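Given the coordinates of chain A, work out where chains B, C and D should sit on it, guided by the hints.
There are 4 protein chains.
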Amino acid sequence: MPQFVLTLACPDRPGIVRALADGIVEVGGNILDNAQFSDPGTGMFCVRTQFEAPEQDAAAIREVIEGKVSEFRPMVSLRAVDRKYRVLIMVSRLDHCLVDLLYRWEIGEMPIEIPLVVSNHKDTRPLVERHGIPFVYLPVTAGTKPAVEQRLFDLVAEHEIDFVVLARYMQVLSDDACRKMPGRIINIHHSFLPGFKGSKPYHQAYERGVKLIGATAHYVTPDLDQGPIIEQDVVRVSHGQNADSLVAIGRDVERVVLARAVRLHAEDRVVLTGNRTVVFA
Amino acid sequence: MPQFVLTLACPDRPGIVRALADGIVEVGGNILDNAQFSDPGTGMFCVRTQFEAPEQDAAAIREVIEGKVSEFRPMVSLRAVDRKYRVLIMVSRLDHCLVDLLYRWEIGEMPIEIPLVVSNHKDTRPLVERHGIPFVYLPVTAGTKPAVEQRLFDLVAEHEIDFVVLARYMQVLSDDACRKMPGRIINIHHSFLPGFKGSKPYHQAYERGVKLIGATAHYVTPDLDQGPIIEQDVVRVSHGQNADSLVAIGRDVERVVLARAVRLHAEDRVVLTGNRTVVFA
Amino acid sequence: MPQFVLTLACPDRPGIVRALADGIVEVGGNILDNAQFSDPGTGMFCVRTQFEAPEQDAAAIREVIEGKVSEFRPMVSLRAVDRKYRVLIMVSRLDHCLVDLLYRWEIGEMPIEIPLVVSNHKDTRPLVERHGIPFVYLPVTAGTKPAVEQRLFDLVAEHEIDFVVLARYMQVLSDDACRKMPGRIINIHHSFLPGFKGSKPYHQAYERGVKLIGATAHYVTPDLDQGPIIEQDVVRVSHGQNADSLVAIGRDVERVVLARAVRLHAEDRVVLTGNRTVVFA
Amino acid sequence: MPQFVLTLACPDRPGIVRALADGIVEVGGNILDNAQFSDPGTGMFCVRTQFEAPEQDAAAIREVIEGKVSEFRPMVSLRAVDRKYRVLIMVSRLDHCLVDLLYRWEIGEMPIEIPLVVSNHKDTRPLVERHGIPFVYLPVTAGTKPAVEQRLFDLVAEHEIDFVVLARYMQVLSDDACRKMPGRIINIHHSFLPGFKGSKPYHQAYERGVKLIGATAHYVTPDLDQGPIIEQDVVRVSHGQNADSLVAIGRDVERVVLARAVRLHAEDRVVLTGNRTVVFA
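Chains as they are written, first to last, in our numbering: chain A, 1 to 281; chain B, 1 to 281; chain C, 1 to 281; chain D, 1 to 281.
Looking at chain A on its own, in the form it has when it is part of the complex (with noise of 0.2 Å):
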């Protein structure tokens, strides 16, 4: 039997997963694997669903379950599990992150697809289209920057992406562009965030001698490097690395905490409540 995710989001009040549940039942649906999530912060009420019920169409399912809980006036996402989300990934001349989701995509361990990889170097291009995957060169300076995010979205429009990765892609986007998709561009930062906010972290974290160095994938938000988390890791360190070492270990750190952001955002598994994530691992 086909399977479907469903995620919703509402204020919190009694009778809201019976209704759920009911709507479930009625599409002939059998619950797998279930988690949610009250709130005490903000009041809001959060849950994930993956069920498998017998074949019809998404649009269908949601329509039955949204009659069942509108009430509560929610926000409800549903997807069959078969129908990947669609990911442009955008990148500059640092290629390790880039690199590992193409492999980890290539090999089938994850579920998006990749309709075009963007960039303002030319580096990367041959190693995007030996995937069989179309590069965009979009250079940026001080005065294009407006028209180049015209034409990123563009592009997100005609290839009808479901989010945007941000693979050490080194330009800031404008507050505009962070607020046309909220909570649909993740980005990797290379430091344990709210530590060493900006640019060059693991210099930063030389200097004052942390005894461990991590990364962190959020959300881009207007305001930078401030987005809700989604995840984030450490590695010890010690003396001995100077700047560039830590680099070269930061690189394992970033590419596995945003690869792990990319698979919880496309299997539907974080929602967000202000300025904080629920993930449901």
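To be clear, the hints were calculated from the coordinates, so they are not data collected in a lab. Check each hint, because a few of them may be wrong.
Said to hold, decoys possible - Here are the simulated BS3-like pairs of lysine-lysine, each with C-alpha atoms no more than 25 Å apart in a straight line:
(1) K180(C) to K197(A)
(2) K145(A) to K200(A)
(3) K197(B) to K68(A)
Said to hold, decoys possible - From the structure, some residues in chain D lie toward chain C, with a derived Cβ separation under 7 Å:
(4) V17
(5) R18
(6) V25
(7) I31
(8) L32
(9) N34
(10) Q36
(11) P54
(12) H121
(13) G274
To be verified - With beta-carbon atoms standing in for the labels, derived distance ranges:
(14) R236(A) to E52(B): 36 to 44 Å
(15) D82(A) to R208(C): 31 to 39 Å
(16) I133(A) to E129(D): 20 to 28 Å
(17) R236(A) to R208(C): 21 to 29 Å
Owing to the predicted nature of the structure, the values given are computational and were not obtained by experimental measurement. The beta-carbon is built from N, C-alpha and C at its ideal position, and this holds for glycine as well.
For chains B, C and D alone, coordinates are given in the frame of chain A:
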């Protein structure tokens, strides 16, 4: 409003979640936290639900809910959150896990009651009694083991013990004793199982030259060190540490791993499926 | 044979290791463990050597070795391994770090002497005195702070204290106090610095939605939470934990990180190079 | 100035460090990094020293130093840092470790040369050749194994291979083959040894219900999965992951652990003492 925790396990079939949600609505409940899992390996469905409901008897709530889900023939447990489990702790001479559990209990971090501590040595009596907890000295010799175990289970009955924690209790329980309280005796083994079963695991670890050592909290079964694992963790070591250093380093992992396992069990977050555990962390 | 630990730091120049080895041979010593490091950032060379040598006065050994290396104008420390450092512990109300240090000390895991514990609250007096350690109550108000700090340094002098441990001591030391014992006051901060400086770091961490929380042990300097870092660690948390849960989870990291830092310092494994530490773990 | 790495291992006796320091001074050297260790278990002393010295032949330096330390009858290795080890990589079908090693090599992170890759399958040929590295296809059947191994050692001799890396090479080497290059063949095993030796370790891990899975890089010996461990690491898993998910998660640990082990060996940071390794990280 008072809160309740329900766990339920049964063969997986459609409709169980709705039936359960029906029951919770019927007692006026509002779900705060819910996690469920269908185990493909065993075909078992299990769920943990925490909900608030108007003041009423837990038994009454349970009856209503069991009525709703009876066709699924589930195993159900229901507990009012403020009804803490009663735990009997057993210990031998090494007291680091006991000290840790008592401290967590004392500062209100560990949601259990500790009606008594049992030991085959007298060493920890002052520590235990300083916490206002009765201490029972039950020395064991080859000949007295059956009588001692009988006395132990009498204490369990008399003090209405919900589960037993072997906090570095160095006597092996008889098969009969293990079978009497399945899924209700937690042991801490001082290695990352299945590596280094049996005695002197740190010395085995030193000989083998492993780069990480660990600890494992598991339910006790007649097969020594083979019971279902609740929690594990590891810590990095180096060639510079001899077996004695590993013992010292290992204490930190043991006490944290055991404390996590006890808390998980005390909060009804562990469900057994065959020889594996589902942990709703 | 008795063992000795020597540390030495000086500007890096060829020949220093041979001169040092000469000295050790001259006192009949045999090196058991040795680690050294040339810091490219500061041009400093530092070394920690543990050696055994026939029974003799540490001062005599030191004189011989300093004679050999004098041309390098190094800072040298030498300690007989069985001469334990004398540590003054300061604490406020939260006692988890103190409890932990005292337990480790009691079972012989922490190679220090604890001549006294000082607190600005009376809460921990029974705990401290039960361990046979004098407890000094030094309450602090805005007006008495200078006098209290004077009393503190009198106690340091009187009890021949080698270093001070702030085990969740919630008063900020004055700049003067910080400068009096550079590299000899260890603080535990309850966040992964440089993130969440200042007060209520767990509440800051909750608001920011980080996926790992941590603790940092560092030497105290006049710049609050900016001193050289000795040790850090983190633990994973999730959206399900509120600020209070983070406080509880953080206790486990704090006590382990502080204990490691105290042990590292007590074993002469930490050398300062500017605002960074070289840790010979 | 050019840099050199020296490692030395011998029975522990006083004077060895001075003799070594004498040698380094005699060749005009300045020690940059030094770590040594006396293993109480075996009575072995071992040291790794990195030093800079005026331009000269490594063999000449070695001769001077060996002259100084000859009375200790040590095993000595000396390498100019810019003389990279030549590594033969073997692989079967699963290419994640190979992809990872080649990427690190390509971006200059892995200080080795890779004169050729050998496989018993043709799958990875395009990948390897795209990196400009010769690919040798050596299929193995029960009957051809001795001939294949002979061919392998011919390639080792012909290409002046320093060490061999089994990057998920799924054929067991014969005892003879293992003995021919002791301490010079590195294997990655996809479990946290000594748990789950042999085949299908992730399936074993799933059955056992462990809460962490791991990977182990070790030197190959005739005892399968029993050789000296160089590096290990683990990652947390949950009941929600089936054996296939563990395989996917495990890939991340395998490639990082193998890469670390190769780098450690390539930088002469691993010294064998019996069946254990001293790792000067």
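* To do: Return the status of the interface hint for I31(D): holds when the least beta-carbon distance to chain C is below 7 Å, violated otherwise.
  => Hint holds; I31(D) Cβ to chain C Cβ min 5 Å, cut 7 Å.
* Status of the L32(D) interface restraint (C-beta, 7 Å, chain C) -> OK, holds: L32(D) within 7 Å of chain C, min 5 Å.
* Asked: Given the proposed pairing of K197(B) with K68(A), does the C-alpha separation stay at or below 25 Å?
  -> Distance of about 53 Å is beyond 25 Å: violated.
* Does the Cβ pair R236(A), R208(C) satisfy 21 to 29 Å? -> holds (23 Å)
* Asked: Holds or violated: are the alpha carbons of K145(A) and K200(A) at most 25 Å from each other?
  -> holds (22 Å)
* Please verify that hint: N34(D), Cβ, nearest Cβ of chain C, below 7 Å or not. => holds (5 Å)
* To do: With chain C as the partner, please determine if V17(D) meets the hint condition of a C-beta pair closer than 7 Å.
  => holds (5 Å)
* Asked: Does H121(D) meet its interface restraint, that is, does its C-beta lie within less than 7 Å of any C-beta in chain C?
  -> violated (38 Å)
* Asked: Would the stated hint for G274(D) survive a check requiring a Cβ distance to chain C of less than 7 Å?
  -> violated (18 Å)
* Asked: Is 20 to 28 Å right for how far apart the beta carbons of I133(A) and E129(D) are?
  -> holds (22 Å)
* 25 Å limit on alpha-carbon distance, applied to hinted pair K180(C) and K197(A) -> violated (33 Å)
* Asked: Does 36 to 44 Å hold as the CB distance between R236(A) and E52(B), or does it fail?
  -> Cβ of R236(A) to Cβ of E52(B): about 42 Å, so the range 36 to 44 Å holds.
Checked against the numbered hints above, the structure violates hints 1, 3, 11, 12 and 13; every other hint is satisfied.
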